[in-house]
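These protein sequences, in sequence, are chains A and B.
Our numbering puts the first residue of the first sequence at 1, with every later residue one more than the last.
Our numbering puts the first residue of the second sequence at 1, with every later residue one more than the last.
Warning: the hint list may mix true and false statements.
[Said to hold, decoys possible] In silico DMTMM-like cross-links for lysine to aspartate or glutamate, where the CA-CA straight-line distance does not exceed 25 Å:
id : chain 1 : residue 1 : chain 2 : residue 2
1  : B       : K321      : A       : E42
2  : A       : K30       : B       : E624
3  : A       : K74       : B       : D421
4  : B       : K321      : A       : E44
5  : B       : K46       : B       : E246
6  : B       : K292      : B       : D264
7  : A       : K49       : B       : E295
8  : A       : K49       : B       : D264
9  : B       : K276      : B       : E14
10 : B       : K56       : B       : E246
11 : B       : K100      : B       : D221
12 : A       : K49       : B       : D302
13 : A       : K49       : B       : E624
14 : B       : K364      : A       : E44
[Unchecked claim] If you want the ones that stay clear, here's a sample from chain B, every Cβ over 12 Å from chain A, calculated:
id : residue
15 : Y132
16 : G544
17 : N576
Derived from the structure by calculation, the hints contain no laboratory data.
The structure displayed is predicted, hence computed values, not measured ones.
Virtual Cβ for every residue (Gly too), placed ideally from N, Cα, C.
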Amino acid sequence: MAGEIGDGLIALAAAIAMVGSAVATAWAEKVVGAAAVGAMAENESLFGKGIVFMVLPETIVIFGLVIALMLLGKMG
Amino acid sequence: MSRILIVGPKKDLEPTIEVLYSLETLHLLDFVEEDETFKIGKPLEKASSASTSLIKLRSICSVLELDESQARKGGPVTGEIEGKITSLELQISDEDNARKQIESRLSNIDIRLRTLEPFSHIPLPLGLYRGYENLHVFVGRTSKSLEGLAKVALDFEVYQHEKFIALFVSEKKASEVQTFLNDRGFVAVEVPEGDGLPLKVTKDLETEKKNLKKRLEQTQDTLEKLKEKHAHFVLSAEDFLTVQVEKAEAPLRFASTEHSFAVDGWIPKERAEEVKSSLSKMGTLYIEEIEKEEEESPVLLDSPEPASRAEFFVHMFSTPKSTELDPTPILFFVFPLFFGFMIGDIGYGVAMMVTAFIMQAKLKSMPDFRNLMLVMFWGGVFSVFFGLFVFGDAFGFPIWEHLEVEIGFLSLKFPLFHKLDDVMDLIMVSFIAALIHLGIGYAFGFINEFKKGKKRHAMAKVGWMLILFAFFILIMVTAYNRPYPPGVAVFVVDLPHWIGQTIGLDIAFPAGFGFDFGGWIVSYVSIILLVIGAVLLGIGEPMGLVEVIGLLANMFSYARLAGVAVAKGAMANAFNEMLVPWAVSGAIEGLILGGIFLILSHFVIFVLGALSAGIQAIRLNYVEFFLKFYEGNGERFKPFGEPGAMSKEV
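Hey, can you work out the whole structure from these sequences and the hints?
Here it is, written out as structure tokens:
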């Protein structure tokens, strides 16, 4: 029984790691994305640079994913 | 690319332009630095008349609402163009002026009808609303009733229709009445110009409107007929004149002295001889190849077919520098591969192939879109491949189960993975994709840096590659040592052992050879690779050390391959589980409705899947792969004379 509760808590912790980092990424990408599209409207050749900056915040959610996977690895 | 300088006497200017234009192979460099001797050339004499005709033609195009996409039937224009254009312009401008006049009169009538509308219910001629000395006229709308007006105005006359009022009071009482009306939400309305009963005026205007509309239709009809008759001439004359103007204005990009001109530009090496021999036929030209740094040259991507179809992906990101390796062939292979893995379904794969094939045939006029469709077609081919051998799915339905095949030391169970049950395996496959893709990226980076002579930066790329391997082994060994290791991790870790067995050697990867870190087995091999890599990186690009953890993030970024694959599989599965029992329940309405919903839902999955898989596949190339080696910002090779190279504004 204790093990099941422990597993549940680990799963919850993994979920929280995903939720927090995903929301943070979404927020950051929203800001960068709007600016990037604005810049592209002025000069289309900025697409390459724009897409790179746009996806930079994705690193945050990937770290969240790593932590979540590591946590799930601890489950019995 | 070869840099070439062509010098000749002014009399040869025109034939030289003709030859260069027809060869379509010289990337002109604009002459800008004027001095005492060398000036920017003057356009040929025919330039001004040609551009005047072109402007006329374009105005005709806009009047007739012709556009580029309209088909040009028949061959190029012949004979005297300018005369034809002038007479056509006269015909069209008459009709166009008439049309404009009618349209403006019609809009005036509409405005007047709107202002007259409230007055038409009151039987007073318009002239009676103005021109009094002792009377004040209030015309407008009020939202409340006028009860109590008699007390304020004493003597008055009012005409009312719904909320519209026309109130006549003595001038002396005007200000009091104004206050009274203001309290009742009165908004004044201007009395329209003119005289006569509004009802009659309106009727007259309506008749005029009807007649005008008829005339407008006639003019439009005439214009439509003119359009049909002359569309081909106008469009092909426009093509012809655009070329003429471009040729005639070319000297603006040359250097010129009083009696001679000089053209400077780049030619692809393999065509240099052809250009020289065509030009030298003219006799008096002096042609010289100039020694120049390759780095300054414009870039012409020339991958073999069909890989060249992916060139637009590279240009869309940024044109590479001429000294850089061209990533197009890798992109052309990896994009459809990733796309196919994410879709991983025979049904959607075939649908993709068919859609892409039809679209590319229909949209011949949009070269970039057509190329995208051809690349997507290969994406469909890979989807079918993955759907057949790896996932065994068609529209989310399993097509086969448990087929065991022995290949050497491997015993494989087909289909290899189940999209929903083997998520960890799919993530491991994503890491293998990351290892190979990023490895190629670092190899490209190494070659680029080495070619530039930057040995230290090249070394740093080797360091990065070692760190990449270190992370890969770290991840695989960690997965291998879990209670239920994913099959892919077991395969990767045991691979050296199996290969050793087949060639008769006893090699085994020391998977367990590591230290315990809070329950994780950390492989020594990865630590050693990590340290060597970090040292190389530290010497080559010390700042890169800060970014090392970013590489781990890059690798995990490939988990999106697994993510999209699982998500699409789950969607297809969910719809199938909901709708198939309904469709096969036996009831006729179940069969029809269930079938319709099933088709609709799979269509949605197909569209969403193609979109998200396409975006994710190109993103992995742009962000993870390109940033390992790519500089970009090169200048695209645009040969003089290439169709569509000139902007449409003259």
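Comparing the hints with the structure gives:
| no. | hint | result |
| --- | --- | --- |
| 1 | K321(B) <-> E42(A) | holds (23 Å) |
| 2 | K30(A) <-> E624(B) | holds (20 Å) |
| 3 | K74(A) <-> D421(B) | holds (19 Å) |
| 4 | K321(B) <-> E44(A) | holds (18 Å) |
| 5 | K46(B) <-> E246(B) | holds (11 Å) |
| 6 | K292(B) <-> D264(B) | holds (12 Å) |
| 7 | K49(A) <-> E295(B) | holds (22 Å) |
| 8 | K49(A) <-> D264(B) | violated (32 Å) |
| 9 | K276(B) <-> E14(B) | holds (17 Å) |
| 10 | K56(B) <-> E246(B) | holds (17 Å) |
| 11 | K100(B) <-> D221(B) | holds (14 Å) |
| 12 | K49(A) <-> D302(B) | holds (24 Å) |
| 13 | K49(A) <-> E624(B) | holds (13 Å) |
| 14 | K364(B) <-> E44(A) | holds (23 Å) |
| 15 | Y132 | holds (59 Å) |
| 16 | G544 | holds (16 Å) |
| 17 | N576 | holds (27 Å) |
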